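Trainee: Generate the whole structure from the sequences, applying the supplied hints.
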Amino acid sequence: MTTIRKRFAVPQRLLHWLMAICILSMLFIGVGMVSTAAPKYLTLVQIHKPLGIAILTLALIRLALRFYYGAPSLPTDLPEPMKLAAYLSQVILYALMISMPLIGWGMLSAASYPVVLFGGVHLPPILPVSASLHTLLWHAHYYLAFAFFAIILMHIAAILFHKLIRRDGVFETMAPVLTHHQSE
Amino acid sequence: MPQTPLSSGHLPVARLAIIAAVVGVAAVAFAYTAGWLSPHRLTPAKLVASLAPPGGPALGHRRNHAKGICFTGTFEANGNGSALSKAQVFTAGQYPVVGRFNLATADPNAADAMVRVRGLGIRIIPPDKQEWRMALIDAPIFPVSTPQAFYDLQTSAGSKDPEAMKKFIAANPGFLSFLSWAKSAPWTGSYAEERYNSLNSFVFIDGSGNRQTIRWSLVPAAQPVPISPEELAKRGPDALEQEITQRVAAGPQRWSMVITVANPDDATADPNKAWPEDRRTVQVGTLTVQQIEPEREGPCRDINYDPTVLPAGMTTSDDPFPAARSAAYSRSFNSRTAEAAYYPGTEKGAKQ
Numbered sequence: 001m002t003t004i005r006k007r008f009a010v011p012q013r014l015l016h017w018l019m020a021i022c023i024l025s026m027l028f029i030g031v032g033m034v035s036t037a038a039p040k041y042l043t044l045v046q047i048h049k050p051l052g053i054a055i056l057t058l059a060l061i062r063l064a065l066r067f068y069y070g071a072p073s074l075p076t077d078l079p080e081p082m083k084l085a086a087y088l089s090q091v092i093l094y095a096l097m098i099s100m101p102l103i104g105w106g107m108l109s110a111a112s113y114p115v116v117l118f119g120g121v122h123l124p125p126i127l128p129v130s131a132s133l134h135t136l137l138w139h140a141h142y143y144l145a146f147a148f149f150a151i152i153l154m155h156i157a158a159i160l161f162h163k164l165i166r167r168d169g170v171f172e173t174m175a176p177v178l179t180h181h182q183s184e
Numbered sequence: 001m002p003q004t005p006l007s008s009g010h011l012p013v014a015r016l017a018i019i020a021a022v023v024g025v026a027a028v029a030f031a032y033t034a035g036w037l038s039p040h041r042l043t044p045a046k047l048v049a050s051l052a053p054p055g056g057p058a059l060g061h062r063r064n065h066a067k068g069i070c071f072t073g074t075f076e077a078n079g080n081g082s083a084l085s086k087a088q089v090f091t092a093g094q095y096p097v098v099g100r101f102n103l104a105t106a107d108p109n110a111a112d113a114m115v116r117v118r119g120l121g122i123r124i125i126p127p128d129k130q131e132w133r134m135a136l137i138d139a140p141i142f143p144v145s146t147p148q149a150f151y152d153l154q155t156s157a158g159s160k161d162p163e164a165m166k167k168f169i170a171a172n173p174g175f176l177s178f179l180s181w182a183k184s185a186p187w188t189g190s191y192a193e194e195r196y197n198s199l200n201s202f203v204f205i206d207g208s209g210n211r212q213t214i215r216w217s218l219v220p221a222a223q224p225v226p227i228s229p230e231e232l233a234k235r236g237p238d239a240l241e242q243e244i245t246q247r248v249a250a251g252p253q254r255w256s257m258v259i260t261v262a263n264p265d266d267a268t269a270d271p272n273k274a275w276p277e278d279r280r281t282v283q284v285g286t287l288t289v290q291q292i293e294p295e296r297e298g299p300c301r302d303i304n305y306d307p308t309v310l311p312a313g314m315t316t317s318d319d320p321f322p323a324a325r326s327a328a329y330s331r332s333f334n335s336r337t338a339e340a341a342y343y344p345g346t347e348k349g350a351k352q
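These protein sequence lines map, in sequence, to chains B and X.
Numbers 1 to 184, taken from my numbering, label the letters of the first sequence in order.
Numbers 1 to 352, taken from my numbering, label the letters of the second sequence in order.
You can trust all of the hints, since none of them are fake.
Chain B is nowhere near these chain X residues, computed Cβ spacing over 12 Å in every case:
| no. | residue |
| --- | --- |
| 1 | Ala111 |
| 2 | Asp161 |
| 3 | Ser177 |
| 4 | Trp181 |
| 5 | Asp206 |
| 6 | Glu230 |
| 7 | Lys234 |
| 8 | Asp238 |
| 9 | Glu241 |
| 10 | Glu243 |
| 11 | Gln246 |
| 12 | Trp275 |
As a list, the in silico BS3-like pairs of lysine-lysine whose alpha-carbon atoms are at most 25 Å apart:
| no. | chain 1 | residue 1 | chain 2 | residue 2 |
| --- | --- | --- | --- | --- |
| 13 | B | Lys83 | B | Lys163 |
| 14 | B | Lys40 | X | Lys46 |
| 15 | B | Lys40 | X | Lys273 |
| 16 | X | Lys46 | X | Lys160 |
| 17 | B | Lys49 | X | Lys129 |
| 18 | X | Lys183 | X | Lys160 |
| 19 | X | Lys183 | X | Lys167 |
| 20 | X | Lys46 | X | Lys166 |
Examples of chain X residues lying across from chain B (beta carbon under 8 Å, computed):
| no. | residue |
| --- | --- |
| 21 | Arg15 |
| 22 | Val23 |
| 23 | Phe30 |
| 24 | Thr43 |
| 25 | Thr308 |
| 26 | Pro320 |
| 27 | Phe333 |
| 28 | Ala338 |
These are computed hints drawn from the structure, not numbers from a lab.
Computed from a prediction, not measured in an experiment: that's the story for all the values here.
Glycine residues also receive a C-beta, built at the ideal position from the N, C-alpha and C atoms.
Mentor: Shown next, in the form of structure tokens:
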């Protein structure tokens with residue numbers, strides 16, 4: 001979508017940074033909970049499920065905002081491979097933000113676990129109980145989590161590259177506050 | 001700071017190093033959280049692996065309590081439990097149960113007379129779908145006091161070092177009280193004659209938010225008939241499954257569910273320590289086992305009897321075991337469901 005906007009709209013920036021905190025927490029909680037048998041295991045699992053649903057909800061809102069507001073154009077002098085990488089990374093990040101919670105929800109459904117959000121609030125199963133479905137989704141959830149973290153690391157490296165090396169204003173399009181004199 | 005090209009005073013190398021450092025620190029933090037830098041952390045993977053016999057686990061089966069048989073039945077609540085917990089499972093009524101009798105062994109083909117501890121897993125689903133899962137055993141106390149000690153017990157018992165068990169017992173004297181039960185308590189010839197105990201404590205929350213720490217037991221209606229393990233062995237390796245199948249076919253079998261409420265000073269975190277006999281008990285309902293089904297195609301096969309699947313009105317206590325069990329059971333479930341091809345004769349999958 002073409003736009004003359006130089007920065008993402010305020011709701012987009014707000015959601016980006018809120019979701020950055022949520023998703024990074026989620027990945028650390030996920031990898032931490034499967035590697036401990038201490039009492040914090042249960043606490044982490046109890047956070048993991050509602051946080052996943054929260055991320056799914058926020059991601060859908062964010063996708064709608066993206067269609068509504070669009071995105072600032074990339075610098076015209078950015079080499080084509082980098083433009084392609086930027087585009088692909090956004091598509092992959094959206095796909096993961098939306099699919100990971102659904103895969104987790106489906107995985108719990110296929111294993112016949114109740115999906116407890118908090119207190120008495122349960123979500124209905126979205127898939128039938130099935131060992132083979134559970135295995136497929138569990139593997140997907142596991143490996144995609146590492147892929148998700150790797151892509152976030154690349155995303156951070158790329159944006160720091162824009163900020164520190166190219167200094168081309170791409171970081172500023174999503175910056176929570178402006179660090180220099182730049183008009184909206 | 002205005003947008004200016006890099007001045008010649010700043011080598012991009014330094015800035016690239018900053019980027020590498022940020023990414024590197026994040027990656028290391030992730031690796032630490034995943035336990036990759038902490039070889040001594042008690043992970044679910046280590047706990048589950050410690051249960052495996054020397055030849056490796058029986059693929060496709062539960063990693064512990066591997067031998068078992070399914071049943072269906074009901075839990076009929078009498079309403080008394082509502083004074084302790086607001087969970088709907090305690091309001092008077094009859095709710096469906098899918099359960100599993102089992103033996104505490106990693107070998108699904110173990111002979112019944114070779115396994116000292118017997119267990120029972122059940123899932124009760126009341127109309128509000130807030131299900132209650134539990135996995136109980138017939139020992140009156142757990143062998144050890146902490147999950148780490150349980151892991152140490154497995155590794156010591158499997159160790160080639162002849163001193164390993166002595167060292168373990170010296171460090172965990174509570175194991176001796178379990179051993180004395182194991183050596184002296186009479187065996188029975190039926191799953192129906194066993195009393196099954198939660199051993200772990202949990203917290204019940206009533207309608208006003210009052211919390212009480214409790215344990216519970218399923219007390220059999222059937223009269224236990226003592227039998228020596230030698231006599232049981234003569235009945236065959238699967239005598240218990242044959243007996244319970246015939247027994248339930250002849251008539252439903254019942255257990256009374258009895259909740260025991262802790263006094264303020266009781267050891268709620270240590271399932272190796274029994275509470276005094278005079279603690280308040282509340283009889284909250286009756287488990288009725290109506291039909292036995294072989295595990296192979298049975299409704300219990302793909303259920304993880306995770307004791308932390310609790311309705312609102314129940315939660316975990318300071319007992320560290322339910323968390324460790326949940327983590328380990330999940331690991332076992334993920335492994336065995338991925339190995340379904342190794343489970344005997346199940347191309348069709350289990351009945352739901």
